[in-house]
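J.: As a plain string of letters, each chain reads:
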Amino acid sequence: MRIFLFALAVLIIGLGVSNPYHLQLLTFIGIHTLLALGLNMLMGYAGQISLGHAAFYGLGAYTTGILTTHWSCSPWLALVAVLLLTTLVAFLVALPMLKLSGFYLGMGTLGFGMIAFILFRGWTGMTGGDSGLVGIPALTVGPVSVGSGKMYYALVWAVVLLCFTICERIVNSRVGRALRAIHDSEHAAAAMGIDTARIKIWVFVLSALFAAVAGFLYAHLVSFISPNTFDFMVSIRIVTMVVIGGMASIWGAILGASLLTLLPEWLRVFSDYEMIVYGLVLMMVMIFLPQGLMRGILDLYERSRIKYRRPSTPSRG
Amino acid sequence: MNAQESSIDVRQPLLEVEALSKSFGGIQALYDISFQVLPATIHAVIGPNGAGKTTLFNMITGIYSPDEGRILYRDKEIQGKKVHELVSRGIARTFQNVELFGSMSVIENVLVGRHVRMRCGFWGAMVRWPGVKREEAEARERAMELLRFVGLEGAAADRSLDLPFGWQRFLEIARAMAAQPSLLLLDEPASGLNAVETQQLGELLEEIRRRGVTLLLVEHDMTLTMGISDHILVLHQGKRLAEGTPREIQANEAVISAYLGKD
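Chains as they are written, first to last, in the working numbering: chain P, 1 to 317; chain A, 1 to 263.
With the rest of the complex left out, here is chain P (with noise of 0.2 Å):
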């Protein structure tokens, strides 16, 4: 029902939305509320930090990348090889990194970033080096080109819709509670009989999907891909995002996806002080609103509401 009427909302915004600047943005959002919805399961949920999930929207990207542009591969084949290849990456790095636990596997992930973010730039040969992959093609639909625009659009949103259903799905499932038992207990979890570490490594290779999938629509949208998108900021970045819409929400992940790629063009108007001031913001958030942006309105709703009925129940005294 709450998926029917998120849907319904991305439908009447794409309609709505013309200027190619504002649908533009939207696309961006709905790519990173992708790789927010992924580190979401594994952070909010599985309360695994991954500081080094750049590494997967840039294998994601350089994938579909490389196989389009230097075998002329199609970009529908070169998403099953994204897909294919990320899994068992994921998998691989999975299978020691998750051994670790609170900073160590901050530390792991982010040692494993920084190996990614230095092959793209080093193998120039395959990637371009930091002068970047440049005539990354359009995607096509039979005939029809998605290369821009509307429809781009609704097809970042469809994914994105389709990975919020997974989400939901998985969250309120055997596995969803088996995610959050890790996270309140670990110990707890095994004696409950979860195999910890066997989910562990699945929640992770789901959420580098995620972000893998989030990196071919950003590669076929801009056409162009350089090292410094998939660098260590950005992993902090997707962290910003998952930690200021609020952990273990799937809604969060939408809101602070959004307010991190929308802050950034508000702020313009500030010029030389707007990293000042967007720092400032999420400050404020987390000052003000711990929980994340989610969790924080849906208490003030709580509270407004409390406040408006006061006078109609009678006081327990």
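Hints may be right or wrong, so weigh each one.
Lysine to aspartate or glutamate pairs mimicking EDC-like chemistry, simulated, CA-CA at most 20 Å apart [unchecked claim]:
(1) P:Lys99 - A:Glu85
(2) P:Lys99 - P:Asp195
(3) A:Lys82 - P:Asp195
(4) A:Lys81 - A:Glu68
Cβ-to-Cβ under 10 Å is the rule here; a few derived chain A residues that face chain P [to be verified]:
(5) Ser88
(6) Thr94
(7) Arg119
(8) Phe122
(9) Met126
(10) Arg128
(11) Ala179
Note that these hints are calculated values from the structure, not bench results. Virtual Cβ for every residue (Gly too), placed ideally from N, Cα, C.
Assemble chain A onto chain P, guided by the hints.
T.: Frame of chain P; chain A shown alone:
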């Protein structure tokens, strides 16, 4: 003791511990411990602090592997098996310091307890086959039934950490029961409970035994232990000090001097 064993020797022991030893660094935590637990009995392990009770528990539940000796559950060796494997074979536990999933509701805690009796994985959750829905509905029904069993049906939707401590204990037992265990290990279930709650706990444990579940408990509360146990094993400094029925233990000189007398 021999008389008792011979009278029920047609029944296979559910759990057999054979010459179990474990040391940490230079400290011998358990030394050559052997005992048997018969099905549908309440078996208690008592002993002063540092006697090795928790170490024994942690080996039976798969957290530690023993240095020497064997643990047989339903005639199969289980020492060194992973915790989650043992749970699916029917060994569940509760913790000394209640360890609930604090961010989750009461019923969700019980549902997590049912994890090993459900099958839905990532794919099942995403696609939501009809079987998955049925499984989920059945699990919720069972969870509610268990909450009624421990008297928490009214709190199903509450956040588990908001419950009073005594209720949290009962919830933890319901959660462990959700795995449909044959053997339930309770690590000091009465600690932190008041007299009334302890009595309710005793009744609950006997009710659980009547359902055919074997109970193995570590406990400090002597009234409870003596009142409900069929068999008691006394540990002292990692060694077996005595074993027998509550009456035998209460009369045992060594136990009185090592444990009860000094308490």
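J.: Could you tell me which of the numbered hints above are not met by this structure, giving the numbers in increasing order?
T.: none
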